[in-house]
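Make a model of the complete structure from these sequences and hints.
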Amino acid sequence: MAEAREGPVLIFDSGIGGLTVLREARMLMPDRRFVYIADNAAFPYGDWPEEALLAHLLALFERLLDDIRPACVVIACNTAFTLAGAALRARFHETDFVGTVPAIKPAAERTASGLISVLATPATVKRDYTRTLIESFATHCHARLVGSKYLAALAEAYISGGAVSDEVLWAEIAPCFVEEDGRRTDIVVLACTHYPFLANRFRKLAPWPVDWLNPAEAIALQARRVLGQRPADAIGETNRDLAIFTSRDVRPEIARLMQGFGLIVAGGEGA
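Numbers 9 to 279, taken from the numbering used here, label the letters of the sequence shown in order.
Check each hint, because a few of them may be wrong.
Claimed, not checked - Listed below are the simulated DSSO-like cross-link pairs for lysine-lysine, each with C-alpha atoms no more than 30 Å apart in a straight line: (1) K113 x K212; (2) K212 x K157; (3) K157 x K113; (4) K134 x K212; (5) K157 x K134; (6) K134 x K113.
In short, the hints are calculated from the structure, not lab data.
Below is the structure:
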């Protein structure tokens, strides 16, 4: 446990997917102040080579932690945490990091058919971290890894008012549905925080009912456990929840979305 400090809870994502975690965290911790960081300058992370992305994240957090001095950090991004979580904790050991990893363990515990799918970005699918989770918790299951190159961007477009067709979404999620020896996939792990924004669309497109496992509540619960009885950063009219983008090139519809979540949009960090 890092040294207790006052300060906001920092929620970090490559884009707007972490808003699903922010929503749950506010419900569980209404007395806390939040700063939401969207690394839109680097979005999408799946296009980055691993070594370059790791170096980028370490350099970015060097600045963010110095500027914001948060009570704890929630990495609301599977791709970022599975790649950089251990390095961030080692480099910034005075800070508590709450990570986001594919919810493979609870899926393996809940499945009745033994067929689960993990819907993720290609980067999360290929990560050794993800395969280790399967080897540790889901050896009794058939776990299908489905890497979608486009769903995170589609979710951003959809939640900010853009049109996303059923055909395009179905092409991305169809591999999740497996029939084998009279059994069917019964759980799909949403292993990217962007994907819950599309969950209702997924339910309508699914060829049979499945449990779409959203990790946002579990992440928020872990943040609350980490914070424990630490004093909250006082909230006032001039000290409200912020959204900070790493690039000032923010589309108006994204800025409006942030405001709809009750966030004051600040200038781009480092811009």
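Here is how each hint holds up against the structure:
1. Annotation: proposed proximity of K113 to K212 holds, straight-line Cα distance about 26 Å (limit 30 Å).
2. Distance check on the hinted pair: K212 and K157 sit about 21 Å apart at the alpha-carbon level, within 30 Å; holds.
3. In summary, the hint linking K157 to K113 is supported, as the alpha carbons are separated by about 24 Å, within the 30 Å threshold.
4. Taking the CA atoms of K134 and K212, the gap is about 28 Å. The hint holds against a cut of 30 Å.
5. Simply put, K157 and K134 have alpha-carbon atoms about 12 Å apart, close enough for the 30 Å limit, and the pair holds.
6. Taken as a hint, the K134 and K113 pair is honoured in the structure, with Cα atoms around 18 Å apart against an allowance of 30 Å.
Checked against the numbered hints above, the structure violates none of them.
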